[in-house]
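Asks: So the chains spell out like this:
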Amino acid sequence: MIRPPASILWLPNAQWRPAEIAFWLTAVAALFALPGRLMLASQVLIAGLFALSLDLILGYAGIVSLGQAAMFGAGAYTAGLLARHGWGEPISGLLAGGAVAAAIAFATSFVAVRGRDLTRLLVTLGIGLLLYEAANRAASVTGGVDGLGDVHLRNVLGLFPFDLEGRTAYVYSLIVVFLVFCVARLIVRSPFGLSLRGIRDGAARMLAIGSPVRLRLIAIYTIAGGVAGIAGALLAQTTQFVGLEVLGFERSADCVIMVVLGGAGWLYGALIGAAVFVIARDVLSGINPVYWQFWLGLLLVVVVLFARGGVTLGLASLSRLLRAREK
Amino acid sequence: MSFARTIQIVALLSAASLAAQAAPVQETIKVGLVAEFSGPFARYGTQMHNGIKAYMKQHGDTVAGKKVEIIVRDTTGASPDIAKRLAQELITRDKVDFLAGFGLTPNALAVAPLATEAKKPMIVMNAASSIITTKSPYIARFSMTLPQVSEPIAVWSAKNGIRRVYTIVSDYAPGIDAESAFIKSFTASGGEVVGSVRVPLKNPDFAPFVQRAKDAKPEAVFIFVPAGEQGIAFVKAFSERGLREAGIKLIGPGDVVDDDVLEAMGDPTLGIVTTHHYSAAHDSPENKAFRRAYAEVTDGSSRPNFMAVAGYDGIAAIYQVAAKLGGKIDADRAMSLLKGLKLNSPRGPIQIDPETRDIVQTVYVRRVERQGGGLYNVEFDKFADVKDPGK
Amino acid sequence: MFATLAGVLFDGVAYGSLLFLISIGLSVTLGLMNFINLAHGAFAMLGGYVCTMAMARLGVPFLATLPLAFVAAAAVGAALEPLLYRRLYRASPLDQVLFSFGLTLMSVAAATYVWGSGQQAVRLPRFLLGQVQFLGLDLGVYRLFLIGVVAATMLGLLSLVTGTRFGAQIRACVDNAQASAGLGINVNRVFGVSFALGSGLAGLGGALAIDVLGLDPTFPLKYLVYFLLVVVVGGAGSLAGTLIASIVVGIFDVAGKYYVPAIGAFVIYGLMLVLLLLFPGGLRRSWR
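Protein chains in written order, with the working numbering: chain U, 33 to 359; chain S, 10 to 400; chain W, -1 to 286.
For the record, the hints were derived by calculation from the structure and aren't laboratory data.
Heads up, a few of these hints could be off.
[To be verified] Below are the DSS-like pairs computed for lysine-lysine, each with C-alpha atoms no more than 27 Å apart in a straight line:
1) S:Lys348 - S:Lys104
2) S:Lys245 - W:Lys220
3) S:Lys391 - S:Lys193
4) S:Lys391 - S:Lys128
5) W:Lys220 - S:Lys76
Pulled out of the complex, with its shape left as it was, chain U reads as follows:
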């Protein structure tokens, strides 16, 4: 039998495994099973998408970034400002947010992807802080510390208004996250995605075989930026508000933790890590914000020390058990 040529877009074994289908059905079921907690559920989805964007560069390409919130916030403010100044159509606002964030990611990718880990860490951190300060200073546009309110959105697809219970917001978020997830899934299973893993594991070797390392890194950094922007735009639209903290260091740091807890290098890991993080934070913070901080810190310390080879390998070995069925 003659095998069809492997195109850049599709590799064999890209069908959906039963576990994946179950995962997404659970997300749909939440709409009916948790009527009072849909706002929290939407937050989980948005955080998951944000973590996904970071996983694309951290888990698959090995770029450690402490400034992914810069793109997240850019998307949020774009969508928020559009809605505030009359353009209340949600889907176009969402795409605009993604586009602006991708543009910012592209512009900063040249400095963000070069250098070694510590430099990259600080550069991405610096870019995030710079954007935060810029938004703070441009208070007449962004609302500064007071936040951007009066974000009026029209009905999704002209039919579904954003309601107080958060139902529309949840379904909207779920569909967007699912669609973007499918695209990400395509990317990581393509030859392009495989080359990224090669770069993560040994950039010098990839250069030696003639792979355009820098271009690939810039490409994935831009794509990841766009995804983060979409997540930010979702947040702005579902909460009808944009606070300055969408650009903050805490958001970037939380994102790194989410990715790592779930297992970097695995798309579902980002989603699961985000879910666990957001839910645990809601529960523990409700009791006492100090508890949440302490136990999170302790968890990080313990996982790094005792998960052999560190967090990424420790949890990956767990996920490898599940992934083994996919291969």
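Based on these hints, arrange chains S and W on the given structure of chain U.
Replies: This is chains S and W only, laid out in the frame that chain U set:
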């Protein structure tokens, strides 16, 4: 348990069991207190809550036959997104009748549209930017506005020989309100503003700003920063840089000499003149009773400040409204009752303006002096029935 | 005009000296053990709280709390290094970042729990308050004191590094830890003592910083960027580089806030990016 109380409970229980077959009846009047209880503004929510507790200690925790339940939610600071989510949950999950609290303007602004959409009366107990009450027809404010308390100091300073002033305010809505109101009034009275600067709200570092003010050689520095820790940091920078020795006075709304931290700030505060609507040293029977009740519900170590008194008056208003409505809280009827409401507050007489739903009150001119072994803002002059000039 | 410029420079140098004192330990950790320790600010915070506790509870005068802060922070550092940090010297940068960030969160939470989230105040002794006139400038006495302490510390460190055998051992380990071990140097001991020394200096810096930078449980996170910036730009493991970077950052921060308050903190982050792009390897100079 008194006989009347027993009958009340039995009646309520029977009514509840009957109604349980149909729609559930609210046995309690729920008030959602959304404020800061942790982080740099942790004292705000605490003071408001203590003020509420003081009132409930004096007047009991039931009104119109229903129990009043305060559901506390912590915004952790200037976090409008958290405030909005907490308010949304209070409305949809806890089904509160009133939203209350709001120590910071950004948090109040984020929640305002929810109050409108869900039709819940929103009692603002601290946030002080003029614009807040315009953001929803369901907002009534019991604290103050920055223009309301900043204009009087401009008038007083101009009358008392201060000609050149340098202004320093925090860079957010209330600070900008204070700055504009002061400059407008002061220049109209013939004064000169020799410089203005805005300090970031989060993590401010006052030293360079105070140095700038000193180098401009004004006669006084007008300061507004959120009450509490930032006030402490500012006064410290002010005295450290030798502005007092250079003969520069410190003026402003009373936030900088907040009763909550005044004692801790110590002697560098002596002589500072501010204008504000409440001083713990206010001499009236209502205030004495308030301070007694306050001491009973706290461990006696802290003093009530203007946030506590706003909490006290806010819950007093809620009690009045609930009593008049017989315990059935309808938002529109509640708002019509709140408009024009008059109270004999521990701070003095207050009224809610029927058109703007904002507070009308007396603003006092006070000086920091040592009284009865502690530092207090001693009132020596006043401006009666001040409305918010910002509207 | 020059008076204000001189005033700004003076403030900047004072601020920078403080940054140097706190950050030198981080520079050592990064240069010697190749470990990204985001929790370094927690040692400074510990020193600060030891100072306020000693003054408030035990009535110790301010100056006497300074050695206490040093010793306390050094002791904690000496305990944690072999217990926790040493296991992760070969770990990936991401793991080091996560670990130290976790430690930071724990320290912030613990500090909030024990001391509350408010700012701690310190009552400085009378002779450290106020200003002195010098050449037409008003110089803060406390800031003069700061510069003095840091200068003395710098001299002490220099003599340690260049004049003692232990200093030679440190320099050897910075250059090549493996070869040093081969020569019979007890590398683990060098690491441990250096870490403790660096932590102790951070604690001292933290105590001195209460009056200038303030002290509350979020201290390690608030100033993290400054410490990292100073170390990375100055060059990890370089005494002189860290000092120069600290002074530069201090001056730019103060000058930015003074001359262009509307932009303020922007200046420091912009400077950070510019310096990182120009000197990706740091202001390279080896440990003298």
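Asks: A separate judgement is required for each hint: does it hold in the structure or not?
Replies: Consistency of the hints with the structure:
1. Between Lys348 of chain S and Lys104 of chain S the alpha-carbon distance is near 24 Å, which keeps this suggested pair within the 27 Å criterion.
2. Of the pairs offered as hints, the one joining Lys245 of chain S and Lys220 of chain W holds, with about 20 Å between alpha carbons and a cut-off of 27 Å not exceeded.
3. Restraint check for Lys391 of chain S and Lys193 of chain S: satisfied, since their Cα atoms lie roughly 20 Å apart, inside the 27 Å limit.
4. Proximity of Lys391 of chain S to Lys128 of chain S is assessed by CA-CA distance (about 37 Å); at most 27 Å being required, the pair is judged violated.
5. Proposed proximity of Lys220 of chain W and Lys76 of chain S is contradicted: the alpha carbons are some 44 Å apart, above 27 Å.
Hints 4 and 5, counting from the list given before, are not met by this structure.
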